[in-house]
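Q: Assembling the complex is the task here: the two chains are given apart, and the hints tell you how they should meet.
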Amino acid sequence: MKSSVIIFPGSNCDRDMDVALKKFGFKNQMVWHNDTKIPKSDLIVLPGGFSYGDYLRCGSIAAKSKIIKSIIEFANSGGLLLGICNGFQILTETGLLPGILQQNKHQKFICKNVYVKVNNKENKYFRNIKKEILELHIAHNDGNY
Amino acid sequence: MKIKAIVTLKEGVLDPQGKAIQQTLNGMNFSEVNQIRQGKYFDIEVNIEDEKKAKAKVEEMCKKLLANLVIEDYKIL
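Protein chains in written order, with the working numbering: chain A, -18 to 126; chain B, -12 to 64.
These aren't lab readings, by the way, just hints derived from the structure by calculation.
Computed from a prediction, not measured in an experiment: that's the story for all the values here.
One or more of the hints may lead you astray.
Which residues of chain B face chain A? A few of them, derived with a C-beta cut under 7 angstroms, are [as the list claims (entries may be wrong)]:
#	residue
1	3
2	7
3	8
4	55
5	57
Cβ atoms here follow ideal geometry from the backbone N, Cα and C, with glycine treated the same way.
Here chain B stands alone, though its shape is the one from the complex (with noise of 0.2 angstroms):
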């Protein structure tokens, strides 16, 4: 079954990329884009069929590789 996951920057974590983004976006008259937060985004294919196994398994790689737990926050959705 297929797992999503998502890893972004913790709030108050410095984003260059995404204060670029914003800025760029607001030379382009999107005047409404207050600021923007660039993430990750996974889509993990795994062979277990159990959801909550899968899910808790999925969490485990988070932890130990797709996030930084210094900088960044995960969501498995």
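Isolated chain A, as found in the complex (with noise of 0.2 angstroms):
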């Protein structure tokens, strides 16, 4: 399996992301967000951090990145594409997914451990995933969706 993992200025997740597809067993590449080409992946990863600085709103500046046609092309057709965190707030800008992350409700950065439920066993991510219940880590200060 093939992966990418997109760098935008500020991003601060993506090299962590690398050892941990890698250690997945992926084949995995680094794509600079000024670049228009993504090499031939099977999984596309968007990862956290703050890029541009938050500026203007998380994730909107990112969002006009030369790289991000490429991406949506990516996704339509029907690619495999992970947004964590700030990576997630850039999908929303995109528009590829509807809606936004707001700031949190009490202007708290939440870090914690949360639980989610798979509902959905026919979708290609999860299709896989024999666990029902999923334990995933947020921290996030715009993360109230």
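A: Shown next, in the form of structure tokens:
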């Protein structure tokens, strides 16, 4: 399996992703936001961090990067796309996902483990996962979806 | 010419920053403050002389980048 991690100015979890993906057997490549083409990939990851210092709105500037057009094409053709933290905020700003992540209700940075239930086993993201409940880590200031 | 635009949160959208500022002002004895909504102000200098055209261009900018119309409104001054 091949993966690509996109790096934006201010991404700070990009190298962690590279290590994690390789640990799980991915042949990973790092892709700069100013590139226009993505190498052939089964999975594209938009890592967390503070792209463009969270200027304007979280992820809004990164969502206008040159690489985004290829990412949208990749997603629309059925490719697997993973956005973590700021990466997810970027995806909502591209319009790929409806809605937006607002600032947390009480101006608190939330850092904890949360449990989510897999409701749709047919979904290709979860088809091969046996667990019904997943424990995921969250760390964000703007996660109010 | 210069065009000014403001972006504000839509009515009903939670504004934690505005709330924190309001509570602080109340704590500073500005008891008359009932609510504060924080917004953004943009001073945009464009190389278009025609005011109508310049404003139309800024409106396009607001729609495409400066405001997220899911939660924000814009106003060109």
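Q: Now tell me, hint by hint, if it's right for this structure.
A: Now the hints, each set against the structure:
1. 3: This interface hint holds because 5 angstroms falls under the 7 angstroms limit.
2. 7: 6 angstroms, holds
3. 8: Because about 11 angstroms separates residue 8 of chain B from the closest Cβ in chain A, which is outside the 7 angstroms limit, the hint is violated.
4. 55: 6 angstroms, holds
5. 57: 5 angstroms, holds
Of the numbered hints stated above, the single one contradicted by the structure is hint 3.
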